[in-house]
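My request is simple: use the sequences and hints to build the entire structure.
Below, each chain spelled out in residue letters.
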Amino acid sequence: MSILNYLWIIPALPLLGSAVNGLFGSKWPNKIVNVVAVGSTGLSFLAALEAVREFTHLAPENIPWVKQYFTWIIAGDFRAGFDLQIDHLTVVMLLVVTGVGWLIHIYSTGYMAHEGGYYRFFSYLNLFMFFMLILVLAANYVLLFVGWEGVGLSSYLLIGFYFLRKSASDAGKKAFIVNRIGDFGFMLGMFLLFRTFGTLDFVPLFAKATPMPADAMGHLGMFTVACLLLFMGACGKSAQLPLYVWLPDAMEGPTPVSALIHAATMVTAGVYVVARSHILFTHAPTAMFVVAVVGCATAFFAATIGLVQTDIKRVLAYSTVSQLGYMFLACGVGAFSAGIFHLMTHAFFKALLFLAAGSVIHAIGGEQDMMRMGGLSKKIRWTYVTMLTATLAIAGFPPLAGFFSKDAILLSAYQSEHGGRILYAFGLLTALLTSFYMFRLIFLTFHGKPRYDEKKVHVHESPKSMLVPLMILAVLSIIGGWMAAPAFFGSPDYFAKFLEPVFAQTAGGAEAAEAAAQALEIPLAIVAVVSALLGFAVAFWLYLKQPGKPAQLAKSMSGVYNTLLHKYYVDEIYNAIIVNPLLWVSTSVLWQAVDVRAIDATVNGIAEGATDIGDGVRHTQSGNTRSYAVWVVIGALVIIAIIFWPYFRPATVGMVR
Amino acid sequence: MVPTHYYLILSAILFGLGVVAFMFRRNIITIFMSIELMLNAVNLAFVAFSRALNKLDGQVFVLFVIVVAAAEAAVGLGIIIVIARNRQSLNVERVDLLKL
Amino acid sequence: MIDFLIQQVAQHAEILITLVKIAILLFVVLTVNAYLTWFERKLIAHIQSRWGPHRVGPHGLLQPLADGAKFLLKEDPTPAGVDKFVYYLAPLLALALALTSIAVIPFGPDPLHFKGHDIYLGIVDLNIGILALFAITALGVYGLALAGWSSNNKYSLFGGLRSSAQMISYELALTMSVVGVLLMAGKFSLRDIIDAQANSHGLFNWGGIFHWNIFAGPFPQILGFLCFFIAAIAETNRAPFDLPEAEQELVGGFHTEYASFKFAMFFIAEYTSMITVSCLCSILFFGGWLSPFPASWTFTTYLPSLLLIPFGLWVIWDGMRYETIFGKLILPAVGVVVTALGAAFLLFPNVNAFVQGPFWLLSKICVFLFVYVWMRGTLPRFRYDQLMSFGWKLLLPASLANVVLTAAALLWRGN
Amino acid sequence: MNAPLIIFFVLAAMCVLGAISLILQRHPIHSALSLIVVMVALAGLYLLMGAEFVAAVQIIVYGGAIMVLFVFVIMLLNAGVEERTNLSKLAGFAGIPLGVALMGFLAAAVARSQDMVQVATQTGTAAPTKALANLLFQDFVYPFELTSFLILIAILGAIVLAQRENA
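Chains as they are written, first to last, in our numbering: chain V, -18 to 638; chain Z, -7 to 92; chain F, 6 to 420; chain C, 59 to 225.
It is possible that part of the hints are untrue.
Straight-line alpha carbon distances no greater than 20 Å define the calculated PhoX-like cross-link-like pairs of lysine-lysine that follow [unchecked claim]:
| # | chain 1 | residue 1 | chain 2 | residue 2 |
| --- | --- | --- | --- | --- |
| 1 | V | LYS526 | V | LYS536 |
| 2 | C | LYS188 | F | LYS192 |
| 3 | F | LYS120 | F | LYS26 |
| 4 | V | LYS437 | V | LYS359 |
| 5 | C | LYS188 | Z | LYS47 |
| 6 | V | LYS478 | V | LYS360 |
Calculated from the model, a selection of chain Z residues having no Cβ within reach of chain V, i.e. all distances over 10 Å [unchecked claim]:
| # | residue |
| --- | --- |
| 7 | LEU31 |
| 8 | VAL34 |
| 9 | ASN46 |
| 10 | ALA62 |
| 11 | GLY70 |
| 12 | ILE73 |
Note that these hints are calculated values from the structure, not bench results. Being a predicted model, the structure only gives us computed values, none of them experimental. Every residue gets a Cβ at the ideal spot worked out from N, C-alpha and C, and that includes glycine.
The structure is reproduced here in structure tokens:
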């Protein structure tokens, strides 16, 4: 049996695990829950590997490989089936999701060991895996949307995992609502697509779309609108401006969740969708430009906020946002493969960062404020080493993963026609900032003298179950980028080559671009590295040489500092211009006026009317059989009169003889 | 040979009398009997038609009606016994718990 | 004038004949009833080692006449507060239905030829004979029930309740137990049922008795017969099922309040239905007028004479040495008549041939009547709950089983 | 005016009179008796129409079982003359006219639609019971079996209803 015919197994396994844990887990000891959760995800990882192995042996003509399992919705000429699709893009996502997901599951068994609702956590986590796999395997927008909403749901559940903490549940709600805004756009986009192409299955849709003429730049054609709408959804899911606000708060969830959902996989769904529908986007240069700008802006914006945050996880959150911005930048400038590449590498090192941060928090007993850490490098060496690796990777030091991916993005940004230089400049600046705040994090956390109460807090290295994933991820974030390494030595970028079947149409003569790139590759790389080093240097100077300096700086330019510290007051602004008016409208207008005065009044009115009518009519209900009989007879008379009407007309002859 | 519609008219009359009895009588048993009367009227119509159309189905239906009537009598009389036992009266006008 | 009458008669001969037949049958049945009471009393007396009636006439033979006179002449009080209409209706109903049921019974195979008319023994021969019979017996309940209810007496009421419940319960078993026979005959008409037995092939074709339904293949109706007979006894409210009129408990039950001739009506009705049941038993299960011997045994045709002549001679001899003068006169006379009858059969072969059927039928009927009385003489009465549980839990299932088995056997034999 | 017609009118008269007396009799027993008369007369009509089996069943089941049950219950409950309450004005006033109206409607409908039935009116051939049986046990066998279930259920229901709680 070829597993390609049974693709549904891959998502089904986590679903099964989720169901089993969710239903029976409460009675079971953690061990069994572990076995179920980790086992199911592990199995699905193996299944994914096998699927990929068989996929590589497929003949090019049956790629993308689509299996139709059953028709889910059918209405008129609209058909949404439970169809799973696997192509090169899917393969990458599949491996990232299952692999990283599995590692994080293992990590969680250690991290969550002492938490309540253990089974609940893993049930949710498996559920997330299921929906994420549906999302990446879906062969049409509808099923993809199912996964899309599903991951949203599980993310909501997991953010609010400590639902006793108000902040947590609020964060959950915030995430959910903000995502809804995006989903609104996404659905509109789907509708528009269906209206235009009459189908939502990827293969036929793109086949129809390819020959159509692209919209002109700056002109709102169908493609542009559809893409912008889809991108709106992507913004919601992938926390881009202006919908990024939920992601930092999402850090209320347990750290593995932040790692898996809010760094590695779910938040990249937006990127995935954009890449998946790249054909539409290439038909809409305007949309592409918007994507690029938004991505770039987000990257820079989030990075600046990340500079001053003191909560270790928030720093990582903002860095996630900015990295996602990078990916969108890549997609926006048409380098989808680069974007996906960065997605993958980012999945590795950002997951690693979060997990390591989790390990740190775990080590010093739940403290998240970097200002109360420091000098931990001796005590928790392995965590330190792995986290340092990840930092180097994200800061873009060669030859780690981040370097290659980020470099690819910057290169394509530089090459892109519309305002490429500016995008490049901001990207570079962001890279600098990135390396700065990452090293700031490292220094504040691991170096300098301890700023926590050493008598109270007893620092201890995390258990194996947490460290092993860290190491694996560390290795991955080192070697993860080497697939693209050959680009420097003139030979083609394997990753791009691998994804070429998908992005072939869009790569617009990738070879030519490659050739043009050869010249720029090296210098740009050097520039990037320099900027990274610069960031490192600044951080080193500020946080190791003169630890007092940052405070003075903060005082000296308190305006900027506070603005950054309060994240540009975005939440406040949103509250002021959206949330509060909305609340006011809903309470005083919708509730007081519409609901109470109009709707309730109508409903009650109807009810009272019914009562009054009943009062009138009930007198027929004398409870006396004989009167009932009379009513029956009257009815019978009427019916007979109607049926036999023709025979009662005097016209008809023939009397009783 | 008796024309079919004689039988039909007779059955109509019997049915009507049954209805009258149903509305006119107060004794619950008598009312029940009037129901039986109506059933019989219908049976007559059935047989008449079965003869008119030279099909036996009508008679089969009569048999079914009789069976149903028997079952109905069993249950109905059981109910009547219970009513009589609980309310010490067979007058339907005294059994009007359903009134407003 | 005379010829006009003759012409009228000639025109409506059929009706006339029927009327005459009815008259004769009525007379016969009533007489048989009367002497059945005498027979019963005598027999029970002897069972209980008493003499029984022997004052009125020789061997009390005139007792029935005396009783009849008594019934007619006694005062007939109507109790206070009875529902007059129903009170009078009930005995009429009982008697009428009982007598009607006899009308369906055929008493002989071949018709009497009289002035070009074929006169069959038996009043009507319905093609749904048995069904009609059941219909009539079904209505028979009302006589008792209404009598019990109308006579405004709690014992009578109990009697009525009991009889209606009992009759409904046993009617099922009665009807069911006959189905076997009907399946084998494939007809409702009693005549046809007897004919079917005449040429049915029995378990082994020796002839005669083995062709009767009770022994005939494919499935001998022994079970059916037992069910039928027991149910029939219950239907006729005879001992041991005579609860409606249980003297010891209900002082006569439904007819407590009835005196003189109305009481006599119930009485006659009861005995008439006994006769009917005996007829049915012998017709349905014992081959009606068929001889128990194979047709080859021609000498059996002389059996009637061989029975009658010695009996007549014995009566004469017995009369000779009877105490009273009256007896000395009347008994030999009767004996002579009987002997003469037997002799006549010997002398006129065609008469003999004609008599065979009725003879066998009557003799079978007599046997069953004897069994009736015998049971009454020997068996104690059921208790009411025993009656019900017996009827519902034993008799009905048994008769149903009989139906199923018979049907299966017929299917197996394949017709 | 041939014989069947005479018989018909006699029996019809019995039916109607019986039904009327069912209405007019004030004692349930008398009503029951009237109803029995109606049923017997109907059986006669069935015979007239050549449906002997139905006639027999009509008497055996209706006359011999159902009505006996009624009489039995009347005797059991010792139901007296019905009391003259008139709590339902509606029925009191509207009852008779409505019933008559219904009767008239039906009769008129049948009478005027006689052409509908008369076309089919042939000499009613006597219904051979065998044919009836074939019909009942072949074409209508499932309904037939269902009725047996119905009966069973009815028996259970009757028992449950009639037995006293403490018993």
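How the hints compare with the structure:
1. V:LYS526 with V:LYS536: holds (19 Å)
2. C:LYS188 with F:LYS192: Given pair LYS188 (chain C), LYS192 (chain F) holds - Cα atoms ~9 Å apart, limit 20 Å.
3. F:LYS120 with F:LYS26: holds (15 Å)
4. V:LYS437 with V:LYS359: holds (18 Å)
5. C:LYS188 with Z:LYS47: holds (14 Å)
6. V:LYS478 with V:LYS360: violated (44 Å)
7. LEU31: holds (15 Å)
8. VAL34: holds (13 Å)
9. ASN46: Holds, since 23 Å exceeds 10 Å.
10. ALA62: holds (22 Å)
11. GLY70: Given that every Cβ of chain V is farther than 10 Å from that of GLY70 (chain Z), nearest at about 18 Å, it holds.
12. ILE73: Holds: least Cβ distance 17 Å, greater than 10 Å.
In the structure shown, a violation is registered for the earlier hint numbered 6 alone.
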